[in-house]
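One-letter residues, chain by chain:
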Amino acid sequence: MVEKFDAIVIGAGPSGNAATYTLAKQGLKVLQLERGEYPGAKNVQGGIMYAHELEKIIPDFRDDCPTERHIIEQRIWLLGDDNYIGTNYRSESYNSDTPNRYTIIRANIDKWWGERIRKVGGLQICETTVTELIRDASGKVIGVRTDREGGEIHADVVIMADGVNALLAKRSGFQGEAAPENVALAVKEILFIDPELIQQRFGIKEDEGVVIEIMGKVTKGMVGTAFLYTNKESLTIGIGCLISDFKEGDCTPYKMLEDLKNHPVIKPLIEGAEMKEYAAHMIPEGGFKAIPQLYGDGWMVVGDAAHFNNAAHREGSNLAMASGRMAAETVIALKEAGKPFVAGNLAAYKKALDDSFIIKDLKKYRELPGIMHANKQFFGAYPDEITQAAHNWFTVDSVDKRTKEVSIMKSFVKRRSVFGLVGDAIKLVRAMR
Amino acid sequence: MHIVVCIKQVPDSAQIRIHPVTNTIMRQGVPAIINPFDLFSLEEALRLKDKVGARVTVLTMGPPMAEASLRKALSLGADDAVLLTDRKFAGSDTLATSYALTSAIQKLAEEQPVDIVFCGKQTVDGDTAQVGPGIATRLGFEQLTYITKIEDLNLASKEIVVQRRSEGGVQVLKTKLPCMITMLEGTNTIRFGKMDDMFRAARYELKTWSRDFTGAEEAKVGLKGSPTVVSKVFVPKPRAEKAVMIQADGTSPDALAAAALDAIFAAQPKLADDLLARAAAGL
Chain Z
1 MVEKFDAIVI GAGPSGNAAT YTLAKQGLKV LQLERGEYPG AKNVQGGIMY
51 AHELEKIIPD FRDDCPTERH IIEQRIWLLG DDNYIGTNYR SESYNSDTPN
101 RYTIIRANID KWWGERIRKV GGLQICETTV TELIRDASGK VIGVRTDREG
151 GEIHADVVIM ADGVNALLAK RSGFQGEAAP ENVALAVKEI LFIDPELIQQ
201 RFGIKEDEGV VIEIMGKVTK GMVGTAFLYT NKESLTIGIG CLISDFKEGD
251 CTPYKMLEDL KNHPVIKPLI EGAEMKEYAA HMIPEGGFKA IPQLYGDGWM
301 VVGDAAHFNN AAHREGSNLA MASGRMAAET VIALKEAGKP FVAGNLAAYK
351 KALDDSFIIK DLKKYRELPG IMHANKQFFG AYPDEITQAA HNWFTVDSVD
401 KRTKEVSIMK SFVKRRSVFG LVGDAIKLVR AMR
Chain E
1 MHIVVCIKQV PDSAQIRIHP VTNTIMRQGV PAIINPFDLF SLEEALRLKD
51 KVGARVTVLT MGPPMAEASL RKALSLGADD AVLLTDRKFA GSDTLATSYA
101 LTSAIQKLAE EQPVDIVFCG KQTVDGDTAQ VGPGIATRLG FEQLTYITKI
151 EDLNLASKEI VVQRRSEGGV QVLKTKLPCM ITMLEGTNTI RFGKMDDMFR
201 AARYELKTWS RDFTGAEEAK VGLKGSPTVV SKVFVPKPRA EKAVMIQADG
251 TSPDALAAAA LDAIFAAQPK LADDLLARAA AGL
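Residue numbers (the UniProt record's numbering), protein chains in the order written: chain Z, 1 to 433; chain E, 1 to 283.
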C-alpha cells in the first residue's frame with residue numbers, strides 16, 4: 001500500500017529542517033527524506049548561523065543546540081600581496097544570554113535538528129534518494145518516487161529543499177540549468193587546533209568567537225571571497241569564486257586555498273593546526289535575477305534550491321530557514337482552511353517571501369552579481385591600489401603628506417583613469433541599492 | 001525458524017584519530033556504525049529468511065545511542081530488535097559480554113526457540129573474535145566460525161551444511177541445529193533496504209532490556225564480571241614511510257611506470273634483484 005502524507009520535504013539542510021519541524025510541530029503528518037547517511041552528512045556549511053531565524057522556529061534552541069562559539073567580533077579584510085587593510089567590529093554586548101550569531105559546523109546542527117524533528121513527531125528517513133516527482137493526469141505533483149524498492153510515496157504537497165543543484169526541480173522542468181556566473185564554487189578546510197591557541201591568537205575567551213570575511217588579491221582577480229572562522233577547537237578557512245571565473249582562469253580552487261593559507265597575514269593565525277576535513281560546495285550567487293519559479297501545483301521550492309542567498313552579506317542559511325518556515329506556514333494555513341494545494345493557493349508562499357527580508361534584500365542587491373561579474377577591477381586592481389595606498393600612507397619616510405596624497409591619487413588614476421574611477425563609484429552605488 | 005543476529009555499534013575506525021598528547025582515542029565527531037563484520041552475518045541471516053522463512057531478531061548490548069544501529073538493521077529487513085542496556089553492563093569484557101548476550105538470547109528463546117545465532121567474525125574496535133564462540137559455548141550450540149557459504153539448510157532434519165575457510169583450504173561441515181555462525185568478510189554484500197522496511201524501522205518501538213529483565217547475575221557482568229585488565233595503551237609506530245613524490249618526464253604510461261619502478265628499486269634494491277632473478281628463471 002502506498003503511504004500518504006500531508007507533506008513530503010526533500011532534504012535535511014537548514015531549509016528542509018525548518019519546513020519539517022514547523023509542519024511536525026503543528027501536528028501535520030510530514031515525511032522528510034534525506035539522501036545522506038544521517039541528517040547533515042551532505043551538508044558542509046561551516047559556518048555562521050544567525051540565531052534570529054532559528055529562534056523563531058525553535059525558541060529554546062540554545063538549550064541543546066551544538067553551536068561552536070558566539071561571535072563577538074567581525075573583521076572585514078582586504079588582502080594585498082603581503083598585507084591587508086580592514087575593519088573590525090567588536091562589542092561586549094554580543095556576550096549576552098541570547099547571542100545573535102554563532103560559528104557552527106553544519107553537520108552537527110542538522111543531526112541535532114533531526115532529533116528535535118523526531119521529538120515533535122516528524123518522520124525523518126535517511127539514505128533515501130528521491131529520484132522523481134510523481135504527478136497526476138493534470139500535472140499536479142502528488143508524491144515522490146525514491147531509489148528504494150516500493151519507493152512510491154504520496155503527499156498533498158512536496159517541498160523541495162534539495163540544495164543548490166535543485167536536481168528535482170530541474171528534472172521536473174521547473175527550473176533551467178544554473179548559469180556558471182550565478183554559482184560559486186567554494187572550498188574549505190577545518191583545521192584542528194588547541195582551543196587555548198585560538199583564544200590567544202584572536203584575543204577571546206572560551207565560547208567567544210571571531211570571524212573574518214576576506215576579499216582581495218588572493219582570488220587573483222576572480223569574483224570571490226574568502227573567510228576564516230573560529231570554532232571551539234578548530235578553525236574553518238575557505239575561499240570561493242564564481243564557476244565561470246574558475247573556468248576562464250588557470251587557478252584551481254585548492255591552489256587558491258593553499259595560497260590563502262600561506263598568505264603572510266593568515267599563516268600566523270593557523271600555524272600548527274592539523275587539517276581535519278576538506279570539503280567543496282557550490283553556492284548560489286545569482287541573487288534576485290536568478291530566482292526560479294518558486295511554487296506550482298502541489299510543490300514549492302525553498303533554500304538554496306530556490307537560489308536564496310545574499311552574497312553581499314554572506315547570508316544563506318537564515319534565508320533557507322526562513323523560506324522553509326514560510327513554505328510550512330503556507331501548508332498549515334491551507335490545511336486548516338481545507339483548501340487544495342494548487343498553484344493559485346500556494347502563491348501565498350511567494351507573497352510571504354515578497355513581504356519578508358528575503359526578497360526585499362535580494363531585490364536591493366539585484367544589480368550586484370552582474371556588476372561584479374562584469375567589473376573584475378573590484379577584485380584585482382582595487383585591492384592592489386588600496387593596500388598600496390595604505391602602505392604608502394602609513395610608512396614614515398620623510399616624504400611630505402601632500403606629495404603622498406598626490407602620488408596615491410596618481411596611482412589610482414593611472415590604473416583606472418578619472419572616468420574609470422567615477423564609473424566604478426557609480427557602479428558600486430548601483431550594485432548596493 | 002528463529003535467527004538471532006548479534007551486532008555491535010562501533011566508532012568508524014576509518015575516521016578515528018588518536019589524541020597526540022594523551023594517546024587516547026578521540027571519539028568526538030567520529031560517526032558510529034554497525035561493526036562491518038556483523039553486516040556479513042546480518043545479510044546471511046536475511047538471505048536465510050528470504051529462502052526458507054525465518055524471524056530475524058537483532059540484538060545488541062550498548063549505551064542508548066546503540067539504538068541507531070538496531071534501527072539500521074531493521075531497515076535492512078530484520079523483524080525485531082532488542083537493545084540490552086544497563087549501567088551495570090558498562091565495562092564488560094568479552095567474557096561478561098558473551099554472558100550478558102547469552103542471557104538475552106535465552107530470554108528471546110522463551111518466546112520462540114532460537115535455531116541459529118549469527119555473530120560478526122570479530123569487532124573492528126576490540127578485534128578479539130571471542131564473543132561469538134563465548135555465546136556458543138554458554139548456549140551449548142555448535143560453533144561454525146569463518147563461514148564462507150551456507151550450502152544447505154534442512155529444516156525437517158534440522159541440519160545445516162556450510163563451507164568454512166581454514167588454513168590451506170575449505171572445510172565442508174555438516175551439523176545439527178541449533179548453531180552459532182560467524183561469517184567471513186567479503187562473502188556477501190549487504191542489501192539496500194526496501195522503502196517499507198525504512199518506514200517500519202523508523203516507527204518500530206524498540207525493546208529495551210535491563211540486567212534485571214534478562215536475569216543476568218550482577219557479579220558476572222560489567223567491570224565486576226570482567227577479569228580482563230588494560231595495562232597499557234600505546235600508539236604503534238606507523239609502518240608506512242612517508243609518501244615520496246616521484247618526478248617523471250612526459251606523460252606516456254611507460255615513462256611514468258619506469259620512473260615509479262626506478263624509485264621503488266632505489267629504495268628496495270633486494271626487490272629489484274629478486275624480480276630480475278625470477279624473470280631470468282622464466283617465472
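Simulated from the structure, these hints should not be mistaken for lab results.
Among these hints, one or two may not hold up.
Cut-off 30 Å, straight-line C-alpha distance, at most; resulting in silico cross-link-like pairs (BS3-like, lysine-lysine) [to be verified]:
no., chain 1, residue 1, chain 2, residue 2
1, E, K242, Z, K29
2, E, K232, Z, K261
3, E, K194, Z, K140
4, E, K149, E, K174
5, E, K49, Z, K119
6, Z, K276, E, K232
7, Z, K4, E, K49
8, E, K207, Z, K111
9, Z, K111, E, K194
10, Z, K360, Z, K289
11, E, K242, Z, K255
Results for each hint:
For the hint pairing K242(E) with K29(Z), the CA-to-CA distance comes to about 55 Å; that exceeds 30 Å, so the pair is violated. A C-alpha spacing of about 39 Å is found between K232(E) and K261(Z), which places the hinted pair above 30 Å, so the restraint is violated. About 26 Å separates the Cα atoms of K194(E) and K140(Z), which keeps this hinted pair within 30 Å; it holds. Taking the CA atoms of K149(E) and K174(E), the gap is near 12 Å; set against the 30 Å cutoff, the hint holds.
The suggested pairing of K49(E) with K119(Z) is violated, with an alpha-carbon distance near 33 Å, which exceeds 30 Å. A distance of roughly 27 Å separates the Cα atoms of K276(Z) and K232(E); the hinted pair therefore holds under the 30 Å criterion. Pair hint K4(Z) plus K49(E) holds up; C-alpha atoms about 29 Å apart against a cutoff of 30 Å. Of the supplied pair hints, the one linking K207(E) and K111(Z) holds, its CA atoms being roughly 24 Å apart against a limit of 30 Å.
Under the criterion of a C-alpha separation no larger than 30 Å, the hint pairing K111(Z) with K194(E) is consistent with the structure, at around 23 Å. In summary, the hint linking K360(Z) to K289(Z) is supported, as the alpha carbons are separated by about 13 Å, within the 30 Å threshold. Taken as a hint, the K242(E) and K255(Z) pair is honoured in the structure, with Cα atoms around 22 Å apart against an allowance of 30 Å.
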